Amino acid sequence: MLSRLAPNAAVRSAISGTNAARFASAAAAPSKKDKPASKAVQDSDSFCMNLFRGKAKVEQVFPFPLNLDEERKETLQMILDPTTKFLSEVNDVVKNDENAETPMSVLKQFAELGAFGALVPAEYEGAGMNNTQMARLAEIVGSHDLGLGVIMGAHQSIGYKGILLFGTEEQKKKYLPDLATGRKFAAFCLTEPSTGSDANSVRSTARKSDDGSHYILNANKIYISNGGFADVFTVFAQMPIKQADGTTKNKVTAFIVERGFGGITNGPPEKKMGIKGSNTAVVDFENVKIPKENLLGAEGEGFKIAMNILNNGRFGIPAAMTGAMKHCIKKTIDHVTTREQFGSKLEEYGNVQEKLANMIAKQYACESILYILASNMDRGIQDYQLEAAIAKVFTSECAWFTCDEAIQVHGGMGFMKETGLERVLRDLRIFRIFEGANDIMRIFVGLTGIQHAGKHLQAQAGPSGAFDKVVDPALKKSADALDKCVSLFGRTVQDLLVKHKKGIISRQYEVVRVADAAIDIYAMAATLSRCTQTSKTAGSVADYEKKVANYFCETAAARAEANLKSVAAPNEAIVKTIAEISKGACAAGANPIAHPIDTL
Amino acid sequence: MRVLVGVKRVVDYAVKVRVKPDKTGVITEGVQHSINPFDEIALEEAVKLKEKKAATEVVAFSMGGPKCQEVLRTALAKGADKAIHIEVPDADASKLEPLHVARALKKIIENDKFDAVFLGKQAIDDDANQTGSLIAGILDWPQALYASKVEPDGKYLKVTREIDGGLDTIKVSLPAVLSADLRLNEPRYATLPNIMKAKKKPLEKKSAKDLGIDVTPQTKVLEVSEPPVRQAGGFVDDVSALITKLKEKGFIKA
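Residue numbers (full-length UniProt numbering), protein chains in the order written: chain A, 1 to 600; chain B, 1 to 254.
These are calculated hints, taken from the structure and not from any lab test.
These numbers come from a predicted model, not from an experiment.
There may be inaccurate statements among the hints.
As the list claims (entries may be wrong) - Below, a list of computed lysine-lysine pairs in the DSS-like style, where the Cα atoms sit at most 27 Å apart:
id, chain 1, residue 1, chain 2, residue 2
1, B, Lys16, A, Lys85
2, A, Lys345, B, Lys48
3, B, Lys16, A, Lys330
4, B, Lys48, A, Lys85
5, A, Lys502, A, Lys576
6, A, Lys326, B, Lys206
7, A, Lys355, B, Lys16
8, A, Lys73, B, Lys23
9, A, Lys330, A, Lys95
10, A, Lys184, B, Lys197
11, A, Lys331, B, Lys16
12, B, Lys48, A, Lys292
13, B, Lys16, A, Lys326
14, A, Lys173, A, Lys108
All chains, please: the whole structure from these sequences, using the hints.
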């Protein structure tokens, strides 16, 4: 009954963002495809999907799925060492930020380390890494230079990801070797002036030539990362497609476009708040002739391709965020253990301790979520769109929090460029916006989950005890809290469905809170899984981790319960007031409240 | 010319070293390790000689715990053709002394013909600065230590050494022992294709017992301690205040 929820929400919630398609209606694509096959209700093994039904489905989270074999570990280590040295000795993040450019010579050297072809198989000259290995690599890059991380991500996580996922053998052979080795660079061209979060609304057009030998593309793409120097573009445009009933309908189609095809121009680098080392530009395509071999996937499948690329590449952000948090935490520790005020080191003060504890707990949770996601992708699990969206939202916000607190603890020093934190804060800001704005991601998580629950309406059982069996005994209390949260979550979602039915689509007040609770609950599960794993292998080191995990769960459970409480409570008055305040201002065209001096 | 290059696994130079609470050594658990930087320079020089066709084969050597294989793989990725690991149990690795390493190198050279041994001038962990001289002595080979420039010259190596106040250029006949100083070259980064190739290069593993060498420690570490913490300084407003302060402290005549 609620199967159209996600696409509707996509349209309703369209807001502008940067660089990539925002609303991960990835869920919408498969569900639409699956629908005609059978009316039968689809079950999922995803932890987050089942959470919405109040079910503790633990297999994808417990035991902690991270499992790199010795050979992969060794290869990774061999790449990490020179990469770390390169990032600290050759690449100059301060200069890249000041000059708003990362020199091509630096990118070429970075390419020699395999950083631009991490996931490309060795037969196409790539590094042949899996997602887990790449996550570790992206983490190191994120801790040094987020601008460089964006160049890397725009190139391989989205730029040429389409060729890797959907390309024909010929396309792979032709493009991947040059792209994986950084001899050429790629860009992902979806965003347009009127297409931000709502990816299906692109206006660029493509048509087939009369002789059928090529396509003619006209497109105006904005906020394109690597747009100033990319040689290969994955471009999305509307194309008239003949339907089964003989009518013609415009459908999004994807193309591989080379700069050399002609008719491609780009604007100057955009002036940005952060990630200045990354190039962002307008790219225009005017009557570009694309050989028919350069169609990516099938005609009319562009939307699905775009969503799959974004979903598949999304884990790169949590990786970079985890790395950035490590950098901020390291700086904070160095500072609070040396700086003295009022006769004591900062580390002695309870308020400073609390800040540091929160930073460490959040970083631990982010890292746990990241490696569950990457490992699950590596073992072929397909149903991870909620987990990926949660990872993106949670880690980008935790990183922002951590960097902000790091600056706070540094006081005036933190505000100074030289300390190396203000740049990170500026760089981090975009991560809550691009590749799926966090607001849209929340609605997506909430509505996709609620829709799933809606198909499975059933009486909710109480706490299942499922976590008790899989966690370390020292984490029992946290596991019980998690269990309680899962069951409370299921009941709350069910009540919400009963109360609003289809109308839930327009209840964003509840939906974002449900999403927030889901994020916290999933983070708890991830944290407990990882900590249980460490306590099996790491001995005394694990005692510290247990404290961190338990502390995180304590705070996350409290947040989740508060969010669920405000969803469940009769809050019509608040929702109504919120709308009235906003509408009043919008109708007046300005904040209607007069200055207090004027009202005296 | 076949070159044997010693690469020692040490705590990375960028790591802030911390002393173990029991003061028997420094904390190495969970700490980043890499090739001793001077050994990396020695390796780079050997690889450069091979690229100039002055050397035919470069073999990397390391003695220590099982993790030495990581630095050997890195050496292979940076251009060594094969690697030899003389493995000792982790617990004994910290008790290895330059003499033990020199003995092991001698055995390797006895079993397989080499024309030169390249080493870093010293390791950044113990700063012993002994292995080069010891191996030269044991083998009775000429030594060219602290090299800042190396030029192959038929059966000789012409080596420039930085000494106080100038340069010292010497010519040593092969086979010889050479140790690398900081300014000899700038080591390269291992590139991905070379990392991949390194996985297929041979890495031979032997134990000290296989070589029949004695690794009984000759020295005992009594205590390792942190350097004294420097007192924080203070700022003065101007030069005259500085002079007053210096006078107060008795650093300049009143």
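Structure-based check of all given hints:
no.: 1; hint: B:Lys16 / A:Lys85; verdict: 16 Å, holds
no.: 2; hint: A:Lys345 / B:Lys48; verdict: 51 Å, violated
no.: 3; hint: B:Lys16 / A:Lys330; verdict: 13 Å, holds
no.: 4; hint: B:Lys48 / A:Lys85; verdict: 21 Å, holds
no.: 5; hint: A:Lys502 / A:Lys576; verdict: 19 Å, holds
no.: 6; hint: A:Lys326 / B:Lys206; verdict: 39 Å, violated
no.: 7; hint: A:Lys355 / B:Lys16; verdict: 24 Å, holds
no.: 8; hint: A:Lys73 / B:Lys23; verdict: 32 Å, violated
no.: 9; hint: A:Lys330 / A:Lys95; verdict: 22 Å, holds
no.: 10; hint: A:Lys184 / B:Lys197; verdict: 23 Å, holds
no.: 11; hint: A:Lys331 / B:Lys16; verdict: 14 Å, holds
no.: 12; hint: B:Lys48 / A:Lys292; verdict: 48 Å, violated
no.: 13; hint: B:Lys16 / A:Lys326; verdict: 17 Å, holds
no.: 14; hint: A:Lys173 / A:Lys108; verdict: 21 Å, holds
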